[in-house]
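Please construct the entire structure, taking both the sequences and the accompanying hints into account.
For the protein sequence lines, the chains are E and C, in the order given.
Each residue of the first sequence is one higher than the last, beginning at 5 in my numbering.
Each residue of the second sequence is one higher than the last, beginning at 5 in my numbering.
It cannot be assumed that every hint is accurate.
Identical chains blur together in the list; that is why a pair holds if it fits in one copy or across any two.
Stated by the list, open to error - For lysine-lysine, the following DSBU-like pairs were computed, each having C-alpha atoms within a straight-line distance of at most 30 Å:
1) 17 / 51
2) 46 / 17
3) 46 / 72
Don't read these hints as lab results, they were simulated from the structure.
A quick note: this is a predicted structure, and the numbers were derived from the prediction, not measured.
Listed below, chain by chain, are the residues.
Protein chains: 2
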Amino acid sequence: MAMKTYSMELLFKALADRTRLRLLSLMGEDEVCVCYFVEVFKTNQPKISRHLAYLRRAGLVAARREGKWMHYRVATPPDAHAARIFMEVRAWLREEREMQRDRERLQQLCCAPRPPVQLKRAPRPASLAADAPRV
Amino acid sequence: MAMKTYSMELLFKALADRTRLRLLSLMGEDEVCVCYFVEVFKTNQPKISRHLAYLRRAGLVAARREGKWMHYRVATPPDAHAARIFMEVRAWLREEREMQRDRERLQQLCCAPRPPVQLKRAPRPASLAADAPRV
DNA sequence: CGCTCACATTTGCACAAGCGAATATATCAC
DNA sequence: GTGATATATTCGCTTGTGCAAATGTGAGCG
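Dropping the structure here:
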């Protein structure tokens, strides 16, 4: 299971950035569409894509295409030690205040009666798709 | 026990450097004198001091002065999550090949019948002090 | 006191990383 | 095919980080 070539630095460099930590926190256990990240962070889209690519290279997220949309979800890194540490990191993220605020904001965007224009047709995160009002 | 202001980035930035990981690995459970790091890595002394200062700012090591010598040891970061993660990191370090080689090299330097000039009078790491031959 | 030793800090430079703006790619609608 | 939408990548630019060399600090010795 453990992969010899996976380096500790690769993991820690990926985790040593606030934006990337916030992205991981927003994913939680769900798949999330890129456009939601852009809305929650109120930032430009290339910035999000760049950080997601970084996380993917470190084996911390995986991507799935659905038509025009890309869904990202947290993945398990190939090294056993890295996987254990990453689990602890995600537990930590769940308890951090700023991270909680981000997730609340994501929830509001998904369930808003009049979602922002950019999200009109965007597929919602899996856990919010069922009960959220469709446009 | 958990300290609110301790940031995740502080921890991961400290861990995202090979030299700092090697330093942590060399300490293991002991106090180690700065001069040993310099010898094991065969590098200049300011480089070691800078990285040790970085680790100290991140709460990952503590220092103790003994006359002219400074001894560094691994410390427990003030945040509970950080402490758990740091424990896993140290377990990982114990299994990494390059890190093992560093520790073997430290052991050789301590127990050598004719230690390098720079270490003639240096205090040895605690676990090696008892059985190692004195000069 | 001055001198040496062990370590810390500063300085200047090269390189890596994050940024926004612009551009490229890929899919869908027509 | 064209055009629109969603995402990825590239391009300068700025900032941060690690480095070696030089300098500073603090303790012990004579």
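Okay, the hints, checked on the actual structure:
In this homomeric assembly, residue 17 and residue 51 come within 30 Å of each other (Cα to Cα) both inside a single copy, at 17 Å, and across copies, at 20 Å. Taking the shortest alpha-carbon separations for residue 46 and residue 17, both the intra-copy value of 24 Å and the inter-copy value of 25 Å come in at or below 30 Å. In the homo-oligomer, the alpha carbons of residue 46 and residue 72 lie at most 30 Å apart inside one protomer (21 Å), although the nearest pairing across protomers, at 53 Å, exceeds that limit.
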